[in-house]
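Undergrad: Here is what each chain is made of, one letter per residue.
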Amino acid sequence: MLEGLNHFIDGLLGFLTIRTIFDILWSTQLGIIVGMLPGLTATMGVALMTTLTFSMPPDNAILILVCMYIGAIYGGGRSAILLNIPGTPANAATAMDGHPLAMKGEAGRAIGISTTGSFLGSIIGMVLLAFFTPLLGNFALNFQSFEFFWLAVFGVVISGNLTAPKDPVKGWISGFLGLFIALIGMEGIHGFVRFSFGNTNLSGGINLIPAMVGAFGFAEILSMMKYRHVNVVKTKIERIIPSFRQIFSYRKTIIRSGLIGTLIGAIPGVGEDIAAWVSYDFAKRGSKEPETFGKGSVEGLIAAETGNNAAVAGAVIPVLSLGIPGSAPAAVLLAAMFIHGVRPGPLIMIESPEFVYKVVAMVFLATCAMFVLGLSMVKYVVKVLQVPRTKLMPLIFTLCVVGSFAIQSRIFDVRVMVFFGILGFIMLEMEYPVAPMILGLILGNMLDTNFRRALVISEGDILQFISRPICIVLISFIILTLASKTKWFQAVVVQVRKNTKKILIKGNRHE
Amino acid sequence: MHDQKMIKKDFITSIVLIVFSISVIVMSYTMPRLERRGIDPFSAPGVVPGMIGTVLLILALILFIRSVRQGGYRIFHKETSQDDQVQYQGAATRVLLTLFISLVYAIGLLGRFNYSISTAIYIFTFICLFEFRDGKALLDQKRMILLALIQAVVASVLITLVFQKLFLVDLP
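Chains as they are written, first to last, in the numbering used here: chain H, 1 to 511; chain P, 1 to 172.
Calculated directly from the structure, the hints in this document are not laboratory data. C-beta atoms are modelled at their ideal positions from N, C-alpha and C, and glycine is treated no differently. Do not take every clue at face value.
Computed spacing ranges between beta-carbons, pair by pair [unchecked claim]:
no., chain 1, residue 1, chain 2, residue 2, range
1, H, T292, P, L146, 47 to 57 Å
2, P, D40, H, F139, 48 to 58 Å
3, P, V162, H, E431, 31 to 41 Å
4, P, I107, H, F477, 36 to 46 Å
5, P, K5, H, Q246, 36 to 46 Å
6, H, G191, P, V16, 27 to 37 Å
All chains, please: the whole structure from these sequences, using the hints.
TA: Dropping the structure here:
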């Protein structure tokens, strides 16, 4: 623990140079603007930044990406408040109460509250990141091929379940489609080229960054162009600094939302949007004034913003400890770490524990920058929202093109971006979540090599897949996740709840 | 109303997915097992794709059966609500136009012509296409055209300079 604190302070001090502070400020501000602009998501921002920071030293590059990530998730709240259009999907819950507050003429106050909520959420997430990453990493050292196989399956199943709550079958289809796409190209055991149809570019496999830029950038452009018009903001912004006494009165909601946000963020491929909704839902259930939710409730706004920003740090926990991303932008962060020669995963606590605490320091610095920038220059920065989308979208597309091209300097990657853009748009139209597909794309290789390796080790003994203790736990989680969406399971849960209530009431009477 | 439309979409996507997953299974089955190289059959390259194809097939069949039960095979369905129509009027045209010019730029122009010029042409065409007002004469819209031209040139030059000179990134 003390060693961790030392690493954290070392990391923090290492970043306190004028050049690095300048990098933190511009990248966080850029993140806020990217998050604010509908059509530009956090994923797209981080992916684009990966390209731009390609030639920088690893620590600086990853710091800029973390700043962009935290800034964008926070920035999306501004357009949610002012336009009722979430700048990133993570801010959909923010719009529920943020926009009604703006409609009442309290846009500045709403922005102040959302900034403070995001700051506190991020700090809670950061503390949990520092605490749980080493624990999870050390635990994951016990994992062998059998466990990694089930972990990949669990990731896809739970991501599909939570990102498509209305229809999990579509979430699972999306996840398994991603797993399939990951298998295109040369496989890792015998070097055999699969599903490339003689195309030399395809035999190298599908790169994650162009695929993500397409699925989250180009698809978003096509979606935005569906609308006839988007209202331009004309709200006045006055007092921004929130009343800290009022914020303090919601401390329970803040702590609860921070914990929920971090936990949901840490679940593979689930992300900030679900974290915000779950936090919002819990806050509503636990509130003394649930009727005000959706009508400009400060508590609702705090819950949503605390939840989504806590999820950012949460999503980094599995990135560092397992090499599995907790959300879509975290997936790009993971890819960027690989590009810069950092190999996150269970071995990170043995090979380079200081890197984990450096990331914690990065989250801390980005959070502070977000808080300061979030409460200043608001009136000028929100003017970006007045740029019409007909002028903005072609610019975003040119950035998508450069972003996907630059890493390997291949036109093929631009084509991959376009393909995934169209695929992502069709999926959005058909109500298939895109996040599980991207998670599948990352986990595909892990599932493939570990499954076959495990079969070879066990000489085809399937029993070993289902008899090892960690495997049993993972399989139980998978079954529970699958079963939780069936009617009979929900009926059983309702019955159990009723019976428990009866027993409790009887018990109270006896007393 | 919306749900009915989605059931129809589910019906179509499930058929596409069934065909896709069957092809994946067939291709995985016909994949070489590399026995001649003395490779363990459990580590054959087709094992995992076949498994994923099978899971996809099962999920697609669930979607198919569900949509058939809900009447997704019927060709006609009722029109969407008035509100939706206003907001999404011409949505398909706008999306297809965006797709078309973006494809021409990304696949047709880039790599064949100069990056800055292609980008300027793309941005200019995009803005003009979507900001052009049908009823107005071309002369009355010269301000819009001029502004689009300025934005296209400035953006293209800036992107080229920032990416190439500042961030040392290759451009197509």
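Undergrad: Now look at each hint and say whether the structure bears it out.
TA: Going down the list of hints, with the structure as the test:
The given range of 47 to 57 Å is respected by H/T292 and P/L146, whose C-beta atoms sit roughly 50 Å from each other. Hint check: P/D40 to H/F139, Cβ distance near 30 Å, so the stated range 48 to 58 Å is violated. Taking the beta carbon of each, P/V162 and H/E431 are about 38 Å apart, inside 31 to 41 Å as hinted. Here the CB-CB span from P/I107 to H/F477 is close to 43 Å, well matched to the stated 36 to 46 Å.
Judged by the Cβ atoms, the range 36 to 46 Å given for P/K5 and H/Q246 holds: they are separated by roughly 44 Å. Our hint of 27 to 37 Å for H/G191 and P/V16 holds, since their Cβ atoms are close to 32 Å apart.
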